[in-house]
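The residues making up each chain are set out below.
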Amino acid sequence: MTDSLFQLTIEQAQARLSRKEISAVELTESVLNRILAVDNQVKAFLSLQPEAALEAARRADDRRAAGDTAPLLGIPLAIKDSIITKGVPTTCGSKILENFVPPYNATVIKKLGRAGAIVLGKTNTDEFTMGSSTEHSAFFTTSNPWNLNCVPGGSSGGSAAAIAAHEALGALGTDTGGSIRQPAAFCGVVGLKPTYGRVSRYGLIAHGSSLDQCGPLAKSVADAALLLQTIAGHDPRDSTTLDRPVPAYFDDLKRSHGFKGLKIGIPREYFIEGLAPPVEKAMRAAIALAESHGAAPVEISLPHTQYGIPVYYLIATAEASSNLSRYDGVRYGLRAPGDDMWQTYFETRAAGFGPEVKRRIMLGAYALSAGYYDAYYLKAQKVRTLIRRDFEAAFRQVDVIFAPTTPDVAFAKGANLDDPLKMYLSDVFTVMANLAGIPGITVPAGFSAGLPIGLQILGPALGESAILQAAHAFEQAADRHPPIPPI
Amino acid sequence: MPKLSMAEVENIAHLARLKLTEDEKRLFQEQLSSILRYVEMLNTLDTAGVPPTTSALPLDNVMRPDEAHAGLSPADALLNAPDTAAGSFRVKQILP
Numbered sequence: 001m002t003d004s005l006f007q008l009t010i011e012q013a014q015a016r017l018s019r020k021e022i023s024a025v026e027l028t029e030s031v032l033n034r035i036l037a038v039d040n041q042v043k044a045f046l047s048l049q050p051e052a053a054l055e056a057a058r059r060a061d062d063r064r065a066a067g068d069t070a071p072l073l074g075i076p077l078a079i080k081d082s083i084i085t086k087g088v089p090t091t092c093g094s095k096i097l098e099n100f101v102p103p104y105n106a107t108v109i110k111k112l113g114r115a116g117a118i119v120l121g122k123t124n125t126d127e128f129t130m131g132s133s134t135e136h137s138a139f140f141t142t143s144n145p146w147n148l149n150c151v152p153g154g155s156s157g158g159s160a161a162a163i164a165a166h167e168a169l170g171a172l173g174t175d176t177g178g179s180i181r182q183p184a185a186f187c188g189v190v191g192l193k194p195t196y197g198r199v200s201r202y203g204l205i206a207h208g209s210s211l212d213q214c215g216p217l218a219k220s221v222a223d224a225a226l227l228l229q230t231i232a233g234h235d236p237r238d239s240t241t242l243d244r245p246v247p248a249y250f251d252d253l254k255r256s257h258g259f260k261g262l263k264i265g266i267p268r269e270y271f272i273e274g275l276a277p278p279v280e281k282a283m284r285a286a287i288a289l290a291e292s293h294g295a296a297p298v299e300i301s302l303p304h305t306q307y308g309i310p311v312y313y314l315i316a317t318a319e320a321s322s323n324l325s326r327y328d329g330v331r332y333g334l335r336a337p338g339d340d341m342w343q344t345y346f347e348t349r350a351a352g353f354g355p356e357v358k359r360r361i362m363l364g365a366y367a368l369s370a371g372y373y374d375a376y377y378l379k380a381q382k383v384r385t386l387i388r389r390d391f392e393a394a395f396r397q398v399d400v401i402f403a404p405t406t407p408d409v410a411f412a413k414g415a416n417l418d419d420p421l422k423m424y425l426s427d428v429f430t431v432m433a434n435l436a437g438i439p440g441i442t443v444p445a446g447f448s449a450g451l452p453i454g455l456q457i458l459g460p461a462l463g464e465s466a467i468l469q470a471a472h473a474f475e476q477a478a479d480r481h482p483p484i485p486p487i
Numbered sequence: 001m002p003k004l005s006m007a008e009v010e011n012i013a014h015l016a017r018l019k020l021t022e023d024e025k026r027l028f029q030e031q032l033s034s035i036l037r038y039v040e041m042l043n044t045l046d047t048a049g050v051p052p053t054t055s056a057l058p059l060d061n062v063m064r065p066d067e068a069h070a071g072l073s074p075a076d077a078l079l080n081a082p083d084t085a086a087g088s089f090r091v092k093q094i095l096p
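Chains as they are written, first to last, in the numbering used here: chain D, 1 to 487; chain U, 1 to 96.
A hint or two may mislead.
[What the hints assert, rightly or not] Dumping the calculated BS3-like pairs for lysine-lysine here, alpha-carbon to alpha-carbon at most 30 Å: (1) U:K19 / D:K413; (2) D:K95 / D:K111; (3) D:K263 / D:K20; (4) U:K3 / D:K382; (5) D:K422 / U:K25; (6) D:K422 / U:K3; (7) D:K382 / D:K95; (8) D:K413 / D:K281; (9) D:K95 / D:K20; (10) U:K25 / D:K95; (11) D:K111 / D:K20; (12) D:K413 / U:K92; (13) D:K382 / D:K422; (14) U:K3 / U:K25; (15) U:K3 / U:K19; (16) U:K92 / D:K95; (17) D:K111 / D:K86; (18) U:K92 / U:K25; (19) U:K19 / U:K92; (20) D:K422 / U:K19; (21) D:K254 / D:K111; (22) D:K281 / D:K263; (23) D:K95 / D:K422; (24) D:K281 / D:K260; (25) U:K25 / D:K413; (26) D:K110 / D:K95; (27) D:K422 / D:K281.
[To be verified] Covered stretches of chain D (in silico footprint by chain U; criterion: 3 or more residues with CB under 8 Å from a CB of chain U, positions within the stretch not fixed): (28) 171-185; (29) 305-319; (30) 377-389.
In case anyone wonders, no lab produced these hints; they're calculated from the structure. Note that the Cβ used here is the ideal one computed from N, Cα and C, for glycine as well.
Chain D extracted, bound-state conformation (with noise of 0.2 Å):
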């Protein structure tokens, strides 16, 4: 039976693999065979490299002939398109790098193909990862395959609805303000945002620098760990990166001692008007669940929380305006001819551009100009100093803190377009995480009409451990089969 390979977590493939039951070649068929049959619907996927993918199969079904006992040798990954890929087109949801075709790898590109991973395609993501939902993607809108009227999140939309309808074993995405957790939490996967600094961010495609991680979306919490051990560490050609030992992640889950005696936080400024019904329901259901497998919950306090939204909103953009600032048509990317050299920056922009982030570039420049940048940046800059606080002095009392990954399960399509500050909101969550430089982890946490909650687990910074191992003993103890969405 290899028609339903497709449908194992990373954890079972390897299992088989090494067993020598299956081979890359078989799975990697079965997977992009899954593609083929869904993706029209689904639209995960900006672009395939199936003969590439079949082509790396071969090579892992060699080494493994070979006695090579790689972690990920011989699983299909589908990768978000805001990471650099040789060879492969890369458009970060862009039409100004519609045809860019990098030169180079990412850091974690070079890891995941060092590990042995097979790369199926690159996933769609809104337009430089600002959006909430994929539909400021410059190409198409993906569909979340629980309800296909329904976004799938972003903006590491693709690569969470790709995890979802089974079209990889696992996936890479990005996330600057909840661009891994919300897309996971709406589709029903588990993503990891991890620590500022602990994944090296050469090659990701710069969105807001200071707030930027890569990091897994993934079946199941093991199966993030096992990404996460794979890509997390020092890297010399990303000077923020912590040189700091990366621990064994996927074989310290096996040792954890799951709930039994942690101290989770549960900040009440998190359980607020604005919270859908549901979405608390299946909180405080989680909630009891730890404490019924031996967690002690503990409200906390988690004061500036309703300044989250203003701070990112200031600081992304400004970085954003600043970072963008690349895309003048000179070295790379589309150019779009103007009378003169200056006349053809503005014409190139204006070309290339999608309405959203030009407006985050708009106001990105708007609070670093003259006049501005007490009022608005250096004000910002100071709140979030007063939310670090915040988690540090939570952290003091607590092991890590569980919250919603979003106020509301997945919207329609269209819903919150026309408003960019209701589509904003919707991240209220999950920027917190980012401000702070903490991880975040979230996990599938039930569902409501249909469509799936997620359960948010921070921690302090480089305590990915901790979440993972809190992730997974509620995996464990919510003992939910991962369903199949019905498509």
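Please arrange chain U on chain D, whose structure you already have, making use of the hints.
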């Protein structure tokens, strides 16, 4: 926070090197004004004496030995260029 003036919108667009249509200018005038009104809530917080966070990391200067490493080849660097000449990026004349 009063509404952004059209002149302010045009000035920001100029700073950001964005050519906007009249429709885009009017739309951004409304939307940016509404977002700026929302972020005004930060002014209710007293941040006197609070240092700004520029990075969530406890990192100071990161140094490495000053050694030459291979970078992209010129051919690779020019691979995605819109226009090239004699191993260089070609642009419109800048100086008159």
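Going through the hints against the structure:
no., hint, result
1, U:K19 / D:K413, "holds, 29 Å"
2, D:K95 / D:K111, "holds, 28 Å"
3, D:K263 / D:K20, "violated, 42 Å"
4, U:K3 / D:K382, "holds, 25 Å"
5, D:K422 / U:K25, "holds, 20 Å"
6, D:K422 / U:K3, "holds, 19 Å"
7, D:K382 / D:K95, "violated, 36 Å"
8, D:K413 / D:K281, "holds, 25 Å"
9, D:K95 / D:K20, "violated, 44 Å"
10, U:K25 / D:K95, "holds, 21 Å"
11, D:K111 / D:K20, "holds, 24 Å"
12, D:K413 / U:K92, "violated, 43 Å"
13, D:K382 / D:K422, "holds, 25 Å"
14, U:K3 / U:K25, "holds, 13 Å"
15, U:K3 / U:K19, "holds, 21 Å"
16, U:K92 / D:K95, "holds, 22 Å"
17, D:K111 / D:K86, "holds, 13 Å"
18, U:K92 / U:K25, "holds, 28 Å"
19, U:K19 / U:K92, "holds, 18 Å"
20, D:K422 / U:K19, "holds, 26 Å"
21, D:K254 / D:K111, "holds, 24 Å"
22, D:K281 / D:K263, "holds, 21 Å"
23, D:K95 / D:K422, "holds, 25 Å"
24, D:K281 / D:K260, "holds, 23 Å"
25, U:K25 / D:K413, "holds, 26 Å"
26, D:K110 / D:K95, "holds, 26 Å"
27, D:K422 / D:K281, "holds, 23 Å"
28, 171-185, "violated (count 0)"
29, 305-319, "holds (count 7)"
30, 377-389, "holds (count 10)"
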